[in-house]
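Asker: What follows is the residue order along each chain.
There are 4 protein chains.
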Amino acid sequence: MTESPLRVTVWGEYVHERQNEAVAAIYPDGMHEVIASGLRDQLGQDLAVRTATLDQPEHGLTEDVLQNTDVLTWWGHKAHQRVDDRIVNRVVANVHSGMGLVVLHSGHESKLFMRLMGTTCSLRWRESDDREIVYCVNPGHPIARGLPEAFVIPRQEMYGEFFDIPQPDELVFLSSFTGGEVFRSGCCFTRGAGSIFYFSPGHETYPVYYQKEVQQVLANGVRWAGNRAVRRNRPFTSFESQIDWFENQSEAVR
Amino acid sequence: MTESPLRVTVWGEYVHERQNEAVAAIYPDGMHEVIASGLRDQLGQDLAVRTATLDQPEHGLTEDVLQNTDVLTWWGHKAHQRVDDRIVNRVVANVHSGMGLVVLHSGHESKLFMRLMGTTCSLRWRESDDREIVYCVNPGHPIARGLPEAFVIPRQEMYGEFFDIPQPDELVFLSSFTGGEVFRSGCCFTRGAGSIFYFSPGHETYPVYYQKEVQQVLANGVRWAGNRAVRRNRPFTSFESQIDWFENQSEAVR
Amino acid sequence: MTESPLRVTVWGEYVHERQNEAVAAIYPDGMHEVIASGLRDQLGQDLAVRTATLDQPEHGLTEDVLQNTDVLTWWGHKAHQRVDDRIVNRVVANVHSGMGLVVLHSGHESKLFMRLMGTTCSLRWRESDDREIVYCVNPGHPIARGLPEAFVIPRQEMYGEFFDIPQPDELVFLSSFTGGEVFRSGCCFTRGAGSIFYFSPGHETYPVYYQKEVQQVLANGVRWAGNRAVRRNRPFTSFESQIDWFENQSEAVR
Amino acid sequence: MTESPLRVTVWGEYVHERQNEAVAAIYPDGMHEVIASGLRDQLGQDLAVRTATLDQPEHGLTEDVLQNTDVLTWWGHKAHQRVDDRIVNRVVANVHSGMGLVVLHSGHESKLFMRLMGTTCSLRWRESDDREIVYCVNPGHPIARGLPEAFVIPRQEMYGEFFDIPQPDELVFLSSFTGGEVFRSGCCFTRGAGSIFYFSPGHETYPVYYQKEVQQVLANGVRWAGNRAVRRNRPFTSFESQIDWFENQSEAVR
Numbered sequence: 036m037t038e039s040p041l042r043v044t045v046w047g048e049y050v051h052e053r054q055n056e057a058v059a060a061i062y063p064d065g066m067h068e069v070i071a072s073g074l075r076d077q078l079g080q081d082l083a084v085r086t087a088t089l090d091q092p093e094h095g096l097t098e099d100v101l102q103n104t105d106v107l108t109w110w111g112h113k114a115h116q117r118v119d120d121r122i123v124n125r126v127v128a129n130v131h132s133g134m135g136l137v138v139l140h141s142g143h144e145s146k147l148f149m150r151l152m153g154t155t156c157s158l159r160w161r162e163s164d165d166r167e168i169v170y171c172v173n174p175g176h177p178i179a180r181g182l183p184e185a186f187v188i189p190r191q192e193m194y195g196e197f198f199d200i201p202q203p204d205e206l207v208f209l210s211s212f213t214g215g216e217v218f219r220s221g222c223c224f225t226r227g228a229g230s231i232f233y234f235s236p237g238h239e240t241y242p243v244y245y246q247k248e249v250q251q252v253l254a255n256g257v258r259w260a261g262n263r264a265v266r267r268n269r270p271f272t273s274f275e276s277q278i279d280w281f282e283n284q285s286e287a288v289r
Numbered sequence: 036m037t038e039s040p041l042r043v044t045v046w047g048e049y050v051h052e053r054q055n056e057a058v059a060a061i062y063p064d065g066m067h068e069v070i071a072s073g074l075r076d077q078l079g080q081d082l083a084v085r086t087a088t089l090d091q092p093e094h095g096l097t098e099d100v101l102q103n104t105d106v107l108t109w110w111g112h113k114a115h116q117r118v119d120d121r122i123v124n125r126v127v128a129n130v131h132s133g134m135g136l137v138v139l140h141s142g143h144e145s146k147l148f149m150r151l152m153g154t155t156c157s158l159r160w161r162e163s164d165d166r167e168i169v170y171c172v173n174p175g176h177p178i179a180r181g182l183p184e185a186f187v188i189p190r191q192e193m194y195g196e197f198f199d200i201p202q203p204d205e206l207v208f209l210s211s212f213t214g215g216e217v218f219r220s221g222c223c224f225t226r227g228a229g230s231i232f233y234f235s236p237g238h239e240t241y242p243v244y245y246q247k248e249v250q251q252v253l254a255n256g257v258r259w260a261g262n263r264a265v266r267r268n269r270p271f272t273s274f275e276s277q278i279d280w281f282e283n284q285s286e287a288v289r
Numbered sequence: 036m037t038e039s040p041l042r043v044t045v046w047g048e049y050v051h052e053r054q055n056e057a058v059a060a061i062y063p064d065g066m067h068e069v070i071a072s073g074l075r076d077q078l079g080q081d082l083a084v085r086t087a088t089l090d091q092p093e094h095g096l097t098e099d100v101l102q103n104t105d106v107l108t109w110w111g112h113k114a115h116q117r118v119d120d121r122i123v124n125r126v127v128a129n130v131h132s133g134m135g136l137v138v139l140h141s142g143h144e145s146k147l148f149m150r151l152m153g154t155t156c157s158l159r160w161r162e163s164d165d166r167e168i169v170y171c172v173n174p175g176h177p178i179a180r181g182l183p184e185a186f187v188i189p190r191q192e193m194y195g196e197f198f199d200i201p202q203p204d205e206l207v208f209l210s211s212f213t214g215g216e217v218f219r220s221g222c223c224f225t226r227g228a229g230s231i232f233y234f235s236p237g238h239e240t241y242p243v244y245y246q247k248e249v250q251q252v253l254a255n256g257v258r259w260a261g262n263r264a265v266r267r268n269r270p271f272t273s274f275e276s277q278i279d280w281f282e283n284q285s286e287a288v289r
Numbered sequence: 036m037t038e039s040p041l042r043v044t045v046w047g048e049y050v051h052e053r054q055n056e057a058v059a060a061i062y063p064d065g066m067h068e069v070i071a072s073g074l075r076d077q078l079g080q081d082l083a084v085r086t087a088t089l090d091q092p093e094h095g096l097t098e099d100v101l102q103n104t105d106v107l108t109w110w111g112h113k114a115h116q117r118v119d120d121r122i123v124n125r126v127v128a129n130v131h132s133g134m135g136l137v138v139l140h141s142g143h144e145s146k147l148f149m150r151l152m153g154t155t156c157s158l159r160w161r162e163s164d165d166r167e168i169v170y171c172v173n174p175g176h177p178i179a180r181g182l183p184e185a186f187v188i189p190r191q192e193m194y195g196e197f198f199d200i201p202q203p204d205e206l207v208f209l210s211s212f213t214g215g216e217v218f219r220s221g222c223c224f225t226r227g228a229g230s231i232f233y234f235s236p237g238h239e240t241y242p243v244y245y246q247k248e249v250q251q252v253l254a255n256g257v258r259w260a261g262n263r264a265v266r267r268n269r270p271f272t273s274f275e276s277q278i279d280w281f282e283n284q285s286e287a288v289r
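Residue numbers (our numbering), protein chains in the order written: chain S, 36 to 289; chain B, 36 to 289; chain H, 36 to 289; chain W, 36 to 289.
Chain S on its own, in the form it takes in the complex (with noise of 0.2 angstroms):
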């Protein structure tokens, strides 16, 4: 368990503001801060954010920061090739160890995120302002929490099956487009002791971070990886084990 409140670390990009002028119109400060603003909104004094992006040493995420991170939240596109893979492998070795992992939208073709799946995690998409409808198919789920069966995304980039994806540990969104599409919009997966949560919506040309479902959406996302969120003492290696190891343990696996 975590100790409150939940330590995020919004990881942006942050190349798309900065270059076109139609994306910096919607999101001045980058997208990061629009996530991260929302986080607040609707988490408060159960959170502790912080921001990252890639043009900073490190981008951002030395071995410090994620140590002190329960949920990394990560939102990548244009500059997927510029990621350093030794930090790749860095919080690839977080969430093994149990950070928890929300990959946002175009993320799904970040190296980290085809790294943890074991897949191309490719899709079709066509920017062609659909309507998104946004369908929960599991109301059982905390991060259902608090949202209607179904919610329109006004306009969206639209991203269609097939999704070249391990099979979801638990499949809690499905998305319809107007051009008839569908889509496995949230998907939950497990990597050792790291919970990954990853959700479509959201797309640099269009306002999606400031609707209000959204902003539920990513804050039930962060709280359930970060309720999920556990620091090993070890990374998962391989080892001799003794005859009779389980008689004395005294250290917790999580």
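Just so you know, these hints were derived from the structure itself, not from any lab.
This list has only true hints and no planted wrong ones.
Since the list can't tell identical chains apart, any single copy or any two copies may satisfy a pair.
Pairs of lysine to aspartate or glutamate, DMTMM-like flavour, derived with a Cα cap of 20 angstroms:
| id | residue 1 | residue 2 |
| --- | --- | --- |
| 1 | Lys247 | Glu282 |
| 2 | Lys113 | Glu275 |
| 3 | Lys146 | Glu93 |
| 4 | Lys146 | Asp120 |
| 5 | Lys247 | Asp81 |
| 6 | Lys113 | Glu93 |
Quick caveat: nothing in here was measured; it's all calculated off a predicted structure.
Use these hints to put chains B, H and W onto chain S, whose structure you have.
Answerer: Here is chains B, H and W on its own, set in the frame of chain S:
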């Protein structure tokens, strides 16, 4: 493993077709005959198919019939309550012991399916000539064999989420509808030694079961369930188990 | 989300304890009192616990009690058949509508659990003072919180595979026994909006429910199910759904 | 569907067998030859098997070989790090595109398996002549075909939990060991269009691959993965998708 040919029993309620002229015009000999015919076209020599209907003695599902059935398909709607509980128990016991089951469309609210699922199996519906698009979300699954990434059913009853089923062991198809709804339209479950496939397309007032892609899915579903079918000598029951029982077994579990 | 404190009802059959001296010696006030006491020790102020037993009117499970219960725990064995079908239906409906459920040990063959699973829930058993070792196979799961990688129950009834349950949504614990048997001893399921945890350790002739690790698992299980508990305004039923129903929703799904 | 016969490539590291006399005494021509021979005995005419080893050019796994392989089996241990990353990438791409994969014993820590799982795949181990008992927990699964409820491997390396893998799509076998450990010994996964079966029994210093039940499991595993094998024309990649793309498809997804 079942011996060739695969023994399939197609069960049809066969009520609408004799009471409603519009339905009779599409399915003059009953939906079960069209379903059976589609299976024969697809599976040919590999298949031995028979049909059974509600108005037959024991609904055509005697213990002898079920003992000699590898896969049962089930279509019912109007007369779910007229299915005898004793027959439901018998079918459930045969599924538990390894008979395959393919449940179609409105069969979602049959006593049989609800008993096996443990949920209400309820959903949203609307009859307004929606176009249904069926997407494959599991391209390596045998039930997707030979099918395109998506196919269109020109006119269908809308079935929408929330569909109150347990999380499927494997999700194979998702559908969208003209109205924007989504549905988990192809779902695999295991209960005891029995394998169950639910497929939602197929309504009495549309010629869905004549469509080639739908016939392919049903043939694949029957083959998948048949490939997993098994005939246990005894039903599963709790029993006292002696020390070292596993040392000298002769009986195969399947 | 449920308000604090979490409202738990501990249901006990309370038959063995009044008929069998050996059982009475271990659980003089009934197993339910020891289970309830363990929860109080673990959860303290966060918990409001009450008990209910078979011999009370309506088995102590009136609609009012269930409507005000976030999580119900269930221990039964000898008298499964004496549980009124009307009460079983009522509990099932409350689980479907979002009440959490923790089923313990011999509760695997209660009418309630079999109804929710859709299988026989049968297993192998043996009473011969086996040592049970309980292993965590999902270290990020909230139900594993605070527990070691494995813990030992010195003397237990053997419960062995094949355990005839549907594949769990999440598998948390596996057990082995002196005789070499294995068992899926901690399993999570979802049915409707309700979350269900089954935990097999706990027998009337052994002091299992006094053991600290077991109490921790039960507290974690109750907290997990309570965190997912929801109170829907209406049960799930099929209904006709108008075009564009999702445009103006006010009701939260949970 | 793959054409008969099923084309299987048995890959063996083939290092221990040439360096260690004890291993050479059991597997004089290499473990891969015994595995291949067992498959031939079980599958006969339905199978076309070849072998490949680490010391061959491109480890015997040219693009041409993989394109003509329905199922690849993989045994490695001592020389995981000597497997060329380019070959690993090639095998991963073929699995994603629909080639089946059966990973054996110490292959759990191959680069290949870790890449596909996204976890460390670490475990506990001990070489002390444990007896392993393998239990079927999914009696309707094709990989359990013809096998008893449990079978005994008289002497085996212990592999124990926690086994750091993602939750399997289907769990088929669980094992216990003399020392009381448990292990998820038979696990099915899907990655892209490829189906993966991991089976843990099989160690270089024990004659496990000569045992009839183990040979049956491997034959079943190969047949299961082969029945799901598919050859996609192109790998999965993200791409822009036009409106109404689904209206006129000719290409089958598999």
